[in-house]
Amino acid sequence: MSHTLFEINEFLRRVIALNLPEALWIRAELADVKSSKGHHYLDLVQKAEGGGEIIAQGQAVIWYKNYRALQKKVGTVLESLLQPGMEVLLLAKPEFHERFGMKLMVEDIDPAHTLGKLEMQRRETIAKLQKLALLEKNGRLPLPVVLQRIAVLSSEKAAGFQDFLKHLGGNSFGYRFQVDFFQVAVQGALVEKEVIAQLDTIAKKRADYDAVVIIRGGGARLDLAAFDSLPLAIAVANMPLPVLTGIGHDVDETVLDLVAHTSLKTPTAVADFILHRNMSFESLAVNLGLAVKTLTLQLTKVQQAKLQQVAQLIDFQLKTNFRRQTQMLDYIEKELPSLTKRTLLIAKNELGNLEKIIKLLGPEAAMQRGFALVFQQGKQVTDAAMLQAGDEVQVQLKKGSFLSTVKKTTP
Amino acid sequence: MTKQKSKLTYESALQELQGIVNQLQEEAVSMDDLSEKVSRAAELLVFCREKLRETEGKVEGLFES
Chain H
1 MSHTLFEINE FLRRVIALNL PEALWIRAEL ADVKSSKGHH YLDLVQKAEG
51 GGEIIAQGQA VIWYKNYRAL QKKVGTVLES LLQPGMEVLL LAKPEFHERF
101 GMKLMVEDID PAHTLGKLEM QRRETIAKLQ KLALLEKNGR LPLPVVLQRI
151 AVLSSEKAAG FQDFLKHLGG NSFGYRFQVD FFQVAVQGAL VEKEVIAQLD
201 TIAKKRADYD AVVIIRGGGA RLDLAAFDSL PLAIAVANMP LPVLTGIGHD
251 VDETVLDLVA HTSLKTPTAV ADFILHRNMS FESLAVNLGL AVKTLTLQLT
301 KVQQAKLQQV AQLIDFQLKT NFRRQTQMLD YIEKELPSLT KRTLLIAKNE
351 LGNLEKIIKL LGPEAAMQRG FALVFQQGKQ VTDAAMLQAG DEVQVQLKKG
401 SFLSTVKKTT P
Chain F
412 MTKQKSKLTY ESALQELQGI VNQLQEEAVS MDDLSEKVSR AAELLVFCRE
462 KLRETEGKVE GLFES
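Heads up: the sequence lines are chains H and F, in that order.
According to the working numbering, the first sequence is numbered sequentially starting from 1.
According to the working numbering, the second sequence is numbered sequentially starting from 412.
Think of the hints as simulated: they come from the structure by calculation, not from any bench.
C-beta atoms are modelled at their ideal positions from N, C-alpha and C, and glycine is treated no differently.
Worth double-checking, as some hints may not be accurate.
[Said to hold, decoys possible] Covered stretches of chain F, going by a simulated chain H footprint (3 or more residues, C-beta under 8 Å):
{"id": "1", "segment": "428–437"}
{"id": "2", "segment": "444–454"}
{"id": "3", "segment": "457–463"}
Excised from the complex, chain H in its bound form:
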């Protein structure tokens, strides 16, 4: 005896409907979520403890009507909950359809379970990072005193990115920035992969940037789950540039915030931080400039006083020198006439003495004493050899003269 497929499937449907008449709370991980015409189709998996191996797989559906009801109940968190990778707790009724097979009809969802699970994972991730000594690694990088060349990772659509640009660009200090934009998903399953890839790109051009900024607008805690990823945290920790975060949260910090160099609450806060840092540098520079000016003035004053002293000294010395020179010239002028007179007097005295001697030694003195002078034809005769017998000579006495004839000469 054989059965048709329909018979078997109808049997299975009845078995399941009879044995599982009520909806059950079921824990599973979302592998994929698709929506069509307001209905949501979920691929569910369960992985082996501690490993990635899938040990169970199934499908679930949230019909449009139920989805609307859940939206009213849990709010916008619902969308964040229904993301691939999320561990969810669903109230669902298993139903078997002869043609479409087994499906779980979702009636309710417990966000608290997912949040709790995420918090646990988050703590585990933090513990691992601590063990790897990665929590402080990026924070130890020196942050440049001036931040001007900034690589921004965000979504172009994110309001937070626009806030950041507006705040930074419209600053009243006149600071200019080079902001390079790197598109990444800021929500959902792609965050990890895209952010890591862009960080890689930036790391290769590290010399072009002062810092990396990761920003997104505000969101529920669940929306930020992607920023608790361990691989992402490791990539940020190992970035060769300081990473600043502003991923818009109110209370809890994400793991990304913990490993970042500096974590701020919002994109605007990141812009403020950058502006404030640059302003601190500017005011430091201005103060140093003022100090240089003050010190220079002081130094100049001291030197001026010294110069004044030197000038006074020179002035005094000059006057002394002129006085001394004048005194010397005065002395010389005064001395010159008397010295000249003295010289003349000495010469006169010498002449007088000479005159006396000459007078003492002269012929008149001799004639006074009885000597006579003999002349021949006006010439004085001092040698008998100049005369011959018979020559006529004139003999001069002190008083009067007479003519005489030579009788004989003796040599």
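Given the coordinates of chain H, assemble chain F onto it according to the supplied hints.
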């Protein structure tokens, strides 16, 4: 003489002047040279005074604050 005058410095003029005074004091000036030396001394005196006054005028006030 004018050529020499242009080369004349205060220092050399003063030296020459003092030389003449020394010679006179040591009675080492002969009568032949006396008038020439004394008039040279008078000339040098004038030169030195002029130079001194001129220099004084130039530097006066330079170091007064």
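Original post:
Residue count check for the segment 444–454 of chain F against chain H: does it reach three with CB-CB under 8 Å?
Top reply: With 4 residues closer than 8 Å to chain H, the segment 444–454 of chain F meets the three-residue bar; holds.
Subject >> Verdict on chain H covering the segment 428–437 of chain F, criterion of 3 CB contacts below 8 Å >> reply: Since three or more residues must qualify, the claim that chain H covers the segment 428–437 of chain F holds, with 5 doing so at under 8 Å.
**OP:** State whether the coverage of the segment 457–463 of chain F by chain H holds or is violated, taking the criterion as 3 or more residues with Cβ-Cβ distances under 8 Å.
**Re:** holds (count 3)
In terms of the numbered hints stated before, the structure departs from none.
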